[in-house]
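Use the sequences and the hints to build the structure in full.
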Amino acid sequence: MIELENVAYSYGGGELLSDISVKLAPGSFHFLTGPSGAGKTTLLKLCYGALLPTAGVVRIFGADVRAMQRDDVAHLRRRMGVVHQDCQFLNHLPVAENIALPLTASGRDAKAAEADLDDLMAWVGLTERAQALPPELSGGERQRAALARAVIMSPDVVLADEPTGNVDWDMSQRLLRLLVELNKMGKTVLIATHDLSLIRAAKVHVQARVLRIANRRVQLAGADL
Amino acid sequence: MIELENVAYSYGGGELLSDISVKLAPGSFHFLTGPSGAGKTTLLKLCYGALLPTAGVVRIFGADVRAMQRDDVAHLRRRMGVVHQDCQFLNHLPVAENIALPLTASGRDAKAAEADLDDLMAWVGLTERAQALPPELSGGERQRAALARAVIMSPDVVLADEPTGNVDWDMSQRLLRLLVELNKMGKTVLIATHDLSLIRAAKVHVQARVLRIANRRVQLAGADL
Amino acid sequence: MNLGLGNLGALAAGDTQADRVVPRTGFTAQLTLFAAATMAFLAVFTLALSLASGRLAARWGDELARSSTIRIVAPQDQRAAQTEAALRLLETTRGVQSARALTDAEQQALLAPWLGPDLALDALPVPRLIEVIEAPDGFDATGLRLRLQAEVPGAVLDDHTRWRAPLVQAAHRLRALGWLSTLLIALTMGAMVTLAAHAALAANAQVIAVLRLVGATDTYIARAFVRRFTLRALGGAAIGTALGMAAMLALPRASDAGSVLTGIGFQGWHWAIPLLVPLLAAIVAFAATGAAARRTLRELA
Amino acid sequence: MNLGLGNLGALAAGDTQADRVVPRTGFTAQLTLFAAATMAFLAVFTLALSLASGRLAARWGDELARSSTIRIVAPQDQRAAQTEAALRLLETTRGVQSARALTDAEQQALLAPWLGPDLALDALPVPRLIEVIEAPDGFDATGLRLRLQAEVPGAVLDDHTRWRAPLVQAAHRLRALGWLSTLLIALTMGAMVTLAAHAALAANAQVIAVLRLVGATDTYIARAFVRRFTLRALGGAAIGTALGMAAMLALPRASDAGSVLTGIGFQGWHWAIPLLVPLLAAIVAFAATGAAARRTLRELA
Ligand SMILES: Nc1ncnc2c1ncn2[C@@H]1O[C@H](COP(=O)(O)OP(=O)(O)OP(=O)(O)O)[C@@H](O)[C@H]1O
Ligand SMILES: Nc1ncnc2c1ncn2[C@@H]1O[C@H](COP(=O)(O)OP(=O)(O)OP(=O)(O)O)[C@@H](O)[C@H]1O
Ligand SMILES: [Mg+2]
Ligand SMILES: [Mg+2]
Chain A
1 MIELENVAYS YGGGELLSDI SVKLAPGSFH FLTGPSGAGK TTLLKLCYGA LLPTAGVVRI
61 FGADVRAMQR DDVAHLRRRM GVVHQDCQFL NHLPVAENIA LPLTASGRDA KAAEADLDDL
121 MAWVGLTERA QALPPELSGG ERQRAALARA VIMSPDVVLA DEPTGNVDWD MSQRLLRLLV
181 ELNKMGKTVL IATHDLSLIR AAKVHVQARV LRIANRRVQL AGADL
Chain B
226 MIELENVAYS YGGGELLSDI SVKLAPGSFH FLTGPSGAGK TTLLKLCYGA LLPTAGVVRI
286 FGADVRAMQR DDVAHLRRRM GVVHQDCQFL NHLPVAENIA LPLTASGRDA KAAEADLDDL
346 MAWVGLTERA QALPPELSGG ERQRAALARA VIMSPDVVLA DEPTGNVDWD MSQRLLRLLV
406 ELNKMGKTVL IATHDLSLIR AAKVHVQARV LRIANRRVQL AGADL
Chain C
451 MNLGLGNLGA LAAGDTQADR VVPRTGFTAQ LTLFAAATMA FLAVFTLALS LASGRLAARW
511 GDELARSSTI RIVAPQDQRA AQTEAALRLL ETTRGVQSAR ALTDAEQQAL LAPWLGPDLA
571 LDALPVPRLI EVIEAPDGFD ATGLRLRLQA EVPGAVLDDH TRWRAPLVQA AHRLRALGWL
631 STLLIALTMG AMVTLAAHAA LAANAQVIAV LRLVGATDTY IARAFVRRFT LRALGGAAIG
691 TALGMAAMLA LPRASDAGSV LTGIGFQGWH WAIPLLVPLL AAIVAFAATG AAARRTLREL
751 A
Chain D
752 MNLGLGNLGA LAAGDTQADR VVPRTGFTAQ LTLFAAATMA FLAVFTLALS LASGRLAARW
812 GDELARSSTI RIVAPQDQRA AQTEAALRLL ETTRGVQSAR ALTDAEQQAL LAPWLGPDLA
872 LDALPVPRLI EVIEAPDGFD ATGLRLRLQA EVPGAVLDDH TRWRAPLVQA AHRLRALGWL
932 STLLIALTMG AMVTLAAHAA LAANAQVIAV LRLVGATDTY IARAFVRRFT LRALGGAAIG
992 TALGMAAMLA LPRASDAGSV LTGIGFQGWH WAIPLLVPLL AAIVAFAATG AAARRTLREL
1052 A
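Quick mapping for you: the protein sequence lines, in order, are chains A, B, C and D. No gaps in the numbering here: position 198 of the first sequence is 198 in the numbering used here, and each next residue is one more. Heads up: take any position in the second sequence, counting from 1, add 225, and you land on the numbering used here. Heads up: take any position in the third sequence, counting from 1, add 450, and you land on the numbering used here. Heads up: take any position in the fourth sequence, counting from 1, add 751, and you land on the numbering used here.
Keep in mind that the hints were calculated from the coordinates and are not lab data. We treat Cβ as the ideally placed atom computed from N, Cα and C, and that holds for glycine. Don't take each hint at face value.
So the derived label-pair ranges between C-beta atoms look like this [to be verified]:
(1) B:M410 to A:V204: 28 to 34 Å
(2) D:L897 to C:E556: 31 to 37 Å
(3) B:A433 to A:V204: 30 to 36 Å
(4) C:Q717 to D:Q829: 30 to 36 Å
Here are a few chain C residues that face chain B, going by a calculated C-beta distance under 10 Å [to be verified]:
(5) R544
(6) A652
(7) Q656
(8) I671
(9) L747
(10) R748
(11) A751
Part of the chain B face toward chain C, derived, beta carbon under 10 Å [said to hold, decoys possible]:
(12) A275
(13) H300
(14) R374
(15) M378
(16) A426
(17) V429
Okay, here's the thing in structure tokens:
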């Protein structure tokens, strides 16, 4: 699905990430962890083509990101669900339309998927807030909406950056279950989080691998969690 | 310091908060918890005069918020440090200037406080990022900057909304210590969070009271934590 | 909020700190500059048009509109007597300021284009011409004509007013149109600056929220925006005025014949008038942005 | 990105979904509408000015500039002979299309304003007038004058061209100025719409980021903005054109005397020309916003 080969990245100063090789196989479930500022968000952005590596090769669905046109990237994004750390919405459209946005943007009929949309909104507990505008949501509600938007197209890959940073424990378990379900349907999942208890809880449901960024490298974290 | 008397609040639909009476005494340390969407952020906004209660009375430093002019609110804010859940900065100014903003906005000489600023930046681990613009920060770095900005004026009251949602455990302990130090200097502190382990950890250092929002009311949470 | 006109001076003095807290807002800034420059450029032209047509109206009005001619067409022997009679009659006519018979030399000069300069007028039955200067209120041409008909059979009143009045009126109308346009341009500039300021303020809702959060007063926030926009309008209008005046100088100079059309331009101290344009633009921008800021800050409260 | 002019039609057809994803951006929208309306209003006036001065130049050019007069001032007995001689000379002059002596009746009509209608021209030493019509290239006035001096001593060439040419030239210059202004106004509108579009796009960086995140192509995003701005410019220009034409109709009608100044207006099918203004505005806005969108999207990549 997504392959990083000897990838390095720098925002202009020193290298933030060096010589990183990661392969997200189809149907795999990964956590990405590491201290604040280590580069979790940066690595995720490399994985969905929002940043181009300063060295090495990133392949998404087999295609080298550096060879892509902007419209190619747009088409790839339709097969990926991304949850940003700072959730971004169209503030002038109600939550329900924001969640359905991937459908409209790719020219599909949002009406046809209405049943799915309703189910999903119910699962993340936003049914009552469906017609609210994003600025009228609470922090946790926004995060749930972002996750719902990421999975509405049932994409091949879900990349989620701190999807549970602002929700309480019960809700974080619900959101995790949603991602586990998708994984069981064969989708690839990568979750960046600093919350080790979330990772521990997930291990009960799913065979997850934990990647840890430290000192500009990615290591496979062991049983020390 | 801050008193809520039989306060109710509604955003237009049904009542979100009803008949709430809370008193934040000078030098007290409070946590505010409750499920996502319960009204933690709303209650905080009532405490610093960003929202006016639909019923009841809110008094800040003894003054009824409903009788205040907008410039009175501005002057009160200078005695309060607030951390928003979605940290807001001036994106065109470097982090250091953003943290010093309460000084400049109240007409004080930011130069005089430079030593304090440097200490504070070091404590929250932002010394190296001092000249970066806010959009160039990681999620956790932004949260730390927001907390630093809230305490730079060493305000009488600190109100922090999920100040540790995006940072790892070690960093959250550092941030907590900062607030505990302020409390020991006699400042009033209120932290809204869904993270119960943070509350448990705090109890080691400080006599904290835990308020819990459930069913539109605020209860004092007991030993069940 | 204390944003009276008296603060315009304090504004110019500046506050670098307050300046920094408002982002440059690139394109809105350029739009304001550009709109101010365009409007100032136009204002310079309409001002010039107004002043020029004012001059034209004054000239025509003074020199031409108030003079008429009476032609005494009579046999050679009766000409002198009839001329005398007409002049006496004119002396008692209300609205006639003065009247005099043209000399032979003057008449010769008038007729030269048609008859050549070598005519001996004495020998010809050429009519005698009387120049009549009206009093400011003018006289009753019909009444005069009737009286002349009765008392001086050979007199024909040739009333220039009939010819000139519409021209003078047109020049007056043109001047009024010019002033109206100048006013419209000022209003347009005000509207554009207001809209641009509103757009900038709306786009900076987050900046305003942050500043409020850290305890900045509305006066502080408003002043930062107002200062930015006033200076921009001043700068843009100065550029536009300079360009407008340069274009005015570059226009082909008024030849005598074409002065009606190409005489648009400033003369003498009138060149100082367009220099007021940037100042007025700054005042308009100051007032407009102040209102916009107050409104936006109230709405975002 | 596929945003050629051919898409202008597809654009009008619309896509309600794509429309919704771009926020209304209140003040920038109003600014665009307002700028387009103002510019269209001005365009209508300068168009009218250009057309009117074109008409004026044509009229003066055709009727007056190409005619001259020759005056034969000679003793009564030589007049006929000299007139004959002058006419023969003119027949062989390059650049003279035709020449003829005026009849007594015509001369009487010309002189009537000065001498009264009762003159017996035969009895007077009044010069004979010859009307000369120039060929399009005109003739060499100095050369003709020299030849006349040599062969027809009593002939005086009165060259109207000297009088009329500057007027015609001025009218031509005015027309050129009018067209230049129309062009400048179009450019100004383009610049304003571009800046407004840039401002809107910059203010909507987050909207663009969100749309990209969910897999919208740049064409889709650009089209939403371009459509919005093109329709706004079209609407604004239509309003401005309507107001401009209404104002034109409300202007005092051209009296004959003042037609130089107040004859600004449309005549006949020329009324259709200002209707092109909104269309042109839409095309300008379409091109300007397209360029702005492409640039912003590239920068935000
Ligand atoms: N656009 C940028 N320009 C310059 N530096 C950047 C930019 N974005 C991020 N950085 C820096 O790169 C480092 C890694 O950022 P990143 O967002 O990847 O961290 P993270 O692991 O996601 O941290 P967190 O857990 O706090 O979200 C940080 O120090 C950050 O300041
Ligand atoms: N401006 C608003 N208009 C309408 N409803 C709002 C507005 N702001 C918040 N709400 C609603 O009020 C409820 C409480 O919001 P609040 O932000 O106080 O919750 P919270 O306890 O902070 O939740 P979280 O832990 O998710 O941040 C939510 O359901 C939210 O959707
Ligand atoms: Mg991050
Ligand atoms: Mg909240």
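Going through the hints against the structure:
Between M410 of chain B and V204 of chain A the beta carbons are some 44 Å apart, a value that contradicts the proposed interval 28 to 34 Å. Between L897 of chain D and E556 of chain C the beta carbon distance is about 32 Å. The supplied range of 31 to 37 Å therefore holds. In this structure, A433 of chain B and V204 of chain A meet the distance hint of 30 to 36 Å, their C-beta atoms being roughly 31 Å apart. At roughly 51 Å, the beta-carbon separation of Q717 of chain C and Q829 of chain D lies outside the given 30 to 36 Å, and the hint is violated.
Violation of the interface hint for R544 of chain C is found here, the shortest Cβ-Cβ separation to chain B being roughly 71 Å, above the 10 Å cut-off. A cut of 10 Å between beta carbons decides the hint on A652 of chain C: the least distance to chain B is about 16 Å, and the hint is violated. A least Cβ separation of about 6 Å between Q656 of chain C and chain B falls short of the 10 Å threshold, and the interface hint therefore holds. Because the smallest distance between the Cβ of I671 of chain C and any Cβ of chain B comes to about 9 Å, under 10 Å, the interface hint for this residue holds.
Satisfaction of the interface hint for L747 of chain C is found here, the shortest Cβ-Cβ separation to chain B being roughly 8 Å, below the 10 Å cut-off. Because the closest C-beta pair between R748 of chain C and chain B is about 9 Å apart, less than 10 Å, the hint holds. Proximity of A751 of chain C to chain B holds as hinted, the smallest CB-CB distance being about 6 Å (cut-off 10 Å). A least Cβ separation of about 8 Å between A275 of chain B and chain C falls short of the 10 Å threshold, and the interface hint therefore holds.
Nearest Cβ of chain C to the Cβ of H300 of chain B: about 7 Å, under the 10 Å cut. The hint holds. With a cut of 10 Å, the hint placing R374 of chain B at the interface with chain C holds, because the nearest CB-to-CB distance is about 7 Å. A least Cβ separation of about 8 Å between M378 of chain B and chain C falls short of the 10 Å threshold, and the interface hint therefore holds. Annotation: A426 of chain B was flagged as interfacial toward chain C, and the flag is violated, the nearest CB pair being 28 Å apart, outside 10 Å.
Below 10 Å, beta-carbon pairs count as interface contacts, and V429 of chain B has none with chain C, the closest being about 31 Å; its hint is therefore violated.
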